[in-house]
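Protein chains in written order, with the UniProt record's numbering: chain A, 1 to 380; chain B, 1 to 380.
Some hints here could point you the wrong way.
Said to hold, decoys possible - In silico lysine-lysine, BS3-like type, Cα no more than 27 Å apart, as pairs:
1) Lys-119(A) with Lys-193(B)
2) Lys-271(B) with Lys-281(B)
3) Lys-157(A) with Lys-244(B)
Hints are computed from structural coordinates only; laboratory data are not their basis. On a predicted model such as this, the values are computed, not experimentally measured, just so you know.
So the chains spell out like this:
Protein chains: 2
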Amino acid sequence: MLPLEGILVLEFCQYMAGPSAGLKLTDLGARVIKIERPKFGEEGRQINIKNLFIDDSSLLFHALNRNKESYTANLKDEEDLINVKKLIQKANVMTHNFRPGVMETLGLDYKTIKVLNPKIIYATITGYGTIGPWAKKPGQDLLAQSISGVTYLTGDKEDPPTPMGLAVADIFSGTHLTQGILAGLIRSTQTGKGALIEVSLLESMIDLQFEGITTYLNGDKYKPTRARNGNAHAFLSAPYGVYKTNDGFLVIALASIKDLGEALGSKAFTKYKNQKTWFEKKDDIMELINNCLIKENSSYWIEKLEAKGIVCEEVFNLEQLIHHEGYQILNFDQVLTLTNGEKIHTTRCPIRINENKIFSTEGAPRVGEHTDQIAKEFNL
Amino acid sequence: MLPLEGILVLEFCQYMAGPSAGLKLTDLGARVIKIERPKFGEEGRQINIKNLFIDDSSLLFHALNRNKESYTANLKDEEDLINVKKLIQKANVMTHNFRPGVMETLGLDYKTIKVLNPKIIYATITGYGTIGPWAKKPGQDLLAQSISGVTYLTGDKEDPPTPMGLAVADIFSGTHLTQGILAGLIRSTQTGKGALIEVSLLESMIDLQFEGITTYLNGDKYKPTRARNGNAHAFLSAPYGVYKTNDGFLVIALASIKDLGEALGSKAFTKYKNQKTWFEKKDDIMELINNCLIKENSSYWIEKLEAKGIVCEEVFNLEQLIHHEGYQILNFDQVLTLTNGEKIHTTRCPIRINENKIFSTEGAPRVGEHTDQIAKEFNL
Numbered sequence: 001m002l003p004l005e006g007i008l009v010l011e012f013c014q015y016m017a018g019p020s021a022g023l024k025l026t027d028l029g030a031r032v033i034k035i036e037r038p039k040f041g042e043e044g045r046q047i048n049i050k051n052l053f054i055d056d057s058s059l060l061f062h063a064l065n066r067n068k069e070s071y072t073a074n075l076k077d078e079e080d081l082i083n084v085k086k087l088i089q090k091a092n093v094m095t096h097n098f099r100p101g102v103m104e105t106l107g108l109d110y111k112t113i114k115v116l117n118p119k120i121i122y123a124t125i126t127g128y129g130t131i132g133p134w135a136k137k138p139g140q141d142l143l144a145q146s147i148s149g150v151t152y153l154t155g156d157k158e159d160p161p162t163p164m165g166l167a168v169a170d171i172f173s174g175t176h177l178t179q180g181i182l183a184g185l186i187r188s189t190q191t192g193k194g195a196l197i198e199v200s201l202l203e204s205m206i207d208l209q210f211e212g213i214t215t216y217l218n219g220d221k222y223k224p225t226r227a228r229n230g231n232a233h234a235f236l237s238a239p240y241g242v243y244k245t246n247d248g249f250l251v252i253a254l255a256s257i258k259d260l261g262e263a264l265g266s267k268a269f270t271k272y273k274n275q276k277t278w279f280e281k282k283d284d285i286m287e288l289i290n291n292c293l294i295k296e297n298s299s300y301w302i303e304k305l306e307a308k309g310i311v312c313e314e315v316f317n318l319e320q321l322i323h324h325e326g327y328q329i330l331n332f333d334q335v336l337t338l339t340n341g342e343k344i345h346t347t348r349c350p351i352r353i354n355e356n357k358i359f360s361t362e363g364a365p366r367v368g369e370h371t372d373q374i375a376k377e378f379n380l
Numbered sequence: 001m002l003p004l005e006g007i008l009v010l011e012f013c014q015y016m017a018g019p020s021a022g023l024k025l026t027d028l029g030a031r032v033i034k035i036e037r038p039k040f041g042e043e044g045r046q047i048n049i050k051n052l053f054i055d056d057s058s059l060l061f062h063a064l065n066r067n068k069e070s071y072t073a074n075l076k077d078e079e080d081l082i083n084v085k086k087l088i089q090k091a092n093v094m095t096h097n098f099r100p101g102v103m104e105t106l107g108l109d110y111k112t113i114k115v116l117n118p119k120i121i122y123a124t125i126t127g128y129g130t131i132g133p134w135a136k137k138p139g140q141d142l143l144a145q146s147i148s149g150v151t152y153l154t155g156d157k158e159d160p161p162t163p164m165g166l167a168v169a170d171i172f173s174g175t176h177l178t179q180g181i182l183a184g185l186i187r188s189t190q191t192g193k194g195a196l197i198e199v200s201l202l203e204s205m206i207d208l209q210f211e212g213i214t215t216y217l218n219g220d221k222y223k224p225t226r227a228r229n230g231n232a233h234a235f236l237s238a239p240y241g242v243y244k245t246n247d248g249f250l251v252i253a254l255a256s257i258k259d260l261g262e263a264l265g266s267k268a269f270t271k272y273k274n275q276k277t278w279f280e281k282k283d284d285i286m287e288l289i290n291n292c293l294i295k296e297n298s299s300y301w302i303e304k305l306e307a308k309g310i311v312c313e314e315v316f317n318l319e320q321l322i323h324h325e326g327y328q329i330l331n332f333d334q335v336l337t338l339t340n341g342e343k344i345h346t347t348r349c350p351i352r353i354n355e356n357k358i359f360s361t362e363g364a365p366r367v368g369e370h371t372d373q374i375a376k377e378f379n380l
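All chains should be modelled from the sequences, with the hints used to inform the complete structure.
Spelled out as structure tokens, the structure:
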């Protein structure tokens, strides 16, 4: 039995952040019904990833919305709205990621809804919160990254600002929404009281940088300093970084500079005895390491370094990962069957429960695929 | 009332991933007791971030362990172990991030513990799962990133592999552990049954890339292609990326190339009518955009682009963010008082509940600060 069996979630969400929270809830056993506009469904169905579409929706949509149901309603239509409110009365959770003000106009804001269903967990994701100069801006991953300062933590010193190459603000705010929903459910089960849970892309990106921001706020306004070459963390000492070898790349995480010098067979490191210099002379030390590592292959160095207890590893790309025994043993791939019978491969839920991996079999629904069935079930 | 009030968590964790889960649980109202080795406490107290230490522990440790209690025990000492097991019998949750095998040797593995406390949620983070070639490797953020393939998604085409410049594997696996724990608590409250929750750094990094991996697995083995300049997402079309202007940088997320050409006052874009070319000719289109944007200041272009409904924004660094009205209105800073009376600034919990932001006042505990008090309270 999955832990959230019996929990009913209504998802008034589009694109990635909100649906990623719904995905985790369905993976953990909840029943998630997407409330979509008739005909076109939610906007995320049309996100173009490498021009890949299957059964009229994007591949990304199928991955994000597996195992959910679709109920169509025009929220501006009075009759449809009555039915949606009947569903809301039966739900444990509802989520939305409309811009501030939209749900108020529709009469589906928390103040109205909690009268209908006092136990409901009402959860929303905005771009930047509900007040302030950015509140009305489109809530979008790259914008949240660019505002948040995070682009100056990644890449090397002279590089332009470098975003993380995936939708980290969407995904991370989705995990925060899920946490808030689950905590709210724990309380609601015990007390009968619902809750309003709010997160935003920007606040999640700030939270992701709690380490850097805390350092900045307390350390005489320490600014993050990316390494000259091979930067992996703007606030950590050498040798933390990426290095080129004769046939590839490796990372070194933690090591004493003395051990490192010995493993590399170089006396040049002996002058960095004082641990403070490992931060202050980071670029110089990293250059010395580079000068050694470039001379031999990765496997040669990994053996030398690990013999000294130095924490290091080769760098793989996606293809190398997927073909590696270490990936295959995790059993991460799952196959979903779509409504039209086509099958797609995607990744499973990363949380294991009682030694069981959680797999799904159903792809994302077509627009309105479950409308009639849900209407019957709930007497709409 | 915070949602997790009344929940008792024992944290047998060190460094970042495990403690970050405990941090979210205490932020949401749980009582979190760190079980630490006598004298030195957990390893994370000594993580050196920019050489900043306060009251004998690192600044990062204070930020990650605020509002927790510390109980010291030598887990290899029989008497201490008896007391720890008494605590476990009273706990709702226990977490650890020891390497596979360590808790078995101590007799604190799930099989043993569930006999003592059948309702407990027993949650663990490993580096790479419990089996396979990587199971015995040190579970470390940069290693998990380097194995996961994610370093080839960030940065530009000719750049070396580029890690995300913060501990994303630690933090993201911490959010997954929290999700599993909370879902487990929901079920445990209803059924009286506990659960074993397992996540790993590597699986969380794979999950973070679900979009890219799904594309790779279904699209004739599509390899991620970083843009030549200004890459922000290896699987999305132009104009998605970072651009240099005359006085800084801006990002453009979503736009039709036609609208963009008009906003930039250039006819060079008219040949990219077919939307498929926006992906296939991404580098050429991005270069054309760059050639225009470099001629004027960011504010000039933001106005032009937004007038066309193009989703774009200036790029800020941490300092610009923190001094911006949009950050200050979020009220993200909080001040913690440490045991020695010193105060530090850090960020608050990113989840808001019933329109309330969650603030703490207490810093992290000293090693064993609450041992006597807890011994008394639980009759140890």
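Requested in this report: Starting from Lys-157(A), check that the Cα of Lys-244(B) is at most 27 Å away, please.
Outcome: 16 Å, holds
Query - Holds or violated: Lys-271(B) to Lys-281(B), with C-alpha atoms at most 27 Å apart - result: Distance of about 11 Å is within 27 Å: holds.
Requested in this report: Would you check the hint for Lys-119(A) and Lys-193(B), treating anything up to 27 Å between C-alpha atoms as holding?
Outcome: Holds, at roughly 24 Å.
Every hint from the earlier list agrees with this structure, and none is contradicted.
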